[in-house]
Amino acid sequence: DQQVKQNSPSLSVQEGRISILNCDYTNSMFDYFLWYKKYPAEGPTFLISISSIKDKNEDGRFTVFLNKSAKHLSLHIVPSQPGDSAVYFCAASGNQFYFGTGTSLTVIP
Amino acid sequence: KAGVTQTPRYLIKTRGQQVTLSCSPISGHRSVSWYQQTPGQGLQFLFEYFSETQRNKGNFPGRFSGRQFSNSRSEMNVSTLELGDSALYLCASSLEQGKAFFGQGTRLTVV
Chain A
1 DQQVKQNSPS LSVQEGRISI LNCDYTNSMF DYFLWYKKYP AEGPTFLISI SSIKDKNEDG
61 RFTVFLNKSA KHLSLHIVPS QPGDSAVYFC AASGNQFYFG TGTSLTVIP
Chain B
1 KAGVTQTPRY LIKTRGQQVT LSCSPISGHR SVSWYQQTPG QGLQFLFEYF SETQRNKGNF
61 PGRFSGRQFS NSRSEMNVST LELGDSALYL CASSLEQGKA FFGQGTRLTV V
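Protein chains in written order, with my numbering: chain A, 1 to 109; chain B, 1 to 111.
Possibly wrong hints are sitting among the right ones.
Simulated DEER-style distance windows between Cβ atoms [stated by the list, open to error]:
1. B:R30 to A:Q2: 25 to 33 Å
2. B:T5 to A:D59: 25 to 33 Å
3. A:I18 to B:F69: 44 to 52 Å
If you're looking for bench data, these hints aren't it; they were derived computationally from the structure. Idealized CB from N, CA, C, for every residue including glycine.
Excised from the complex, chain A in its bound form (with noise of 0.2 Å):
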């Protein structure tokens, strides 16, 4: 049972527009939530983060939002950059680390 969705594999943006990432969580329990960046061959680094006490957090470029209610997370970033093609993976914290499936973002030039 997947307990971190990302219902949207993949999206693909222009360069400067926002891009818009989401992902949904089922258990009302996890109380840390991050977002991780992957290029193919590397293993995942770390992007962002947010405790559920929060609802936003920014860095640079980088926005994460969480709506506890809704159990929804999402990552902003504006303005996107080539370099910002990669997959995405958002997780939370709970007694271990739960994953989605990922959405791969493409950046148009």
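Position chain B relative to chain A; hints supplied.
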């Protein structure tokens, strides 16, 4: 500071064989977790070790086992390999809640 190191990077094994993968965490990190990544399945949690003890375990059969040594290095073993075990195996180490650092993975192909 060196990152998480996984060896080997690539491995080809035959069905029925066993394999051992190695992971050296970031210095000072005592928690090591293992994940299996297959297309369409995302990262599936295998198990987590902390101070040489298995702290959490995912839903994988007993053919998948692991251990952690006193220097926090960890090994994962898969016995009686099946074709479906072909995947990228990722190791992650962490110091604090929520932030795990991943190695580059070991690409296992079972033929």
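Hints versus structure:
Taking the beta carbon of each, B:R30 and A:Q2 are about 29 Å apart, inside 25 to 33 Å as hinted. Our hint of 25 to 33 Å for B:T5 and A:D59 holds, since their Cβ atoms are close to 27 Å apart. The given range of 44 to 52 Å is respected by A:I18 and B:F69, whose C-beta atoms sit roughly 46 Å from each other.
The structure shown violates none of the earlier numbered hints.
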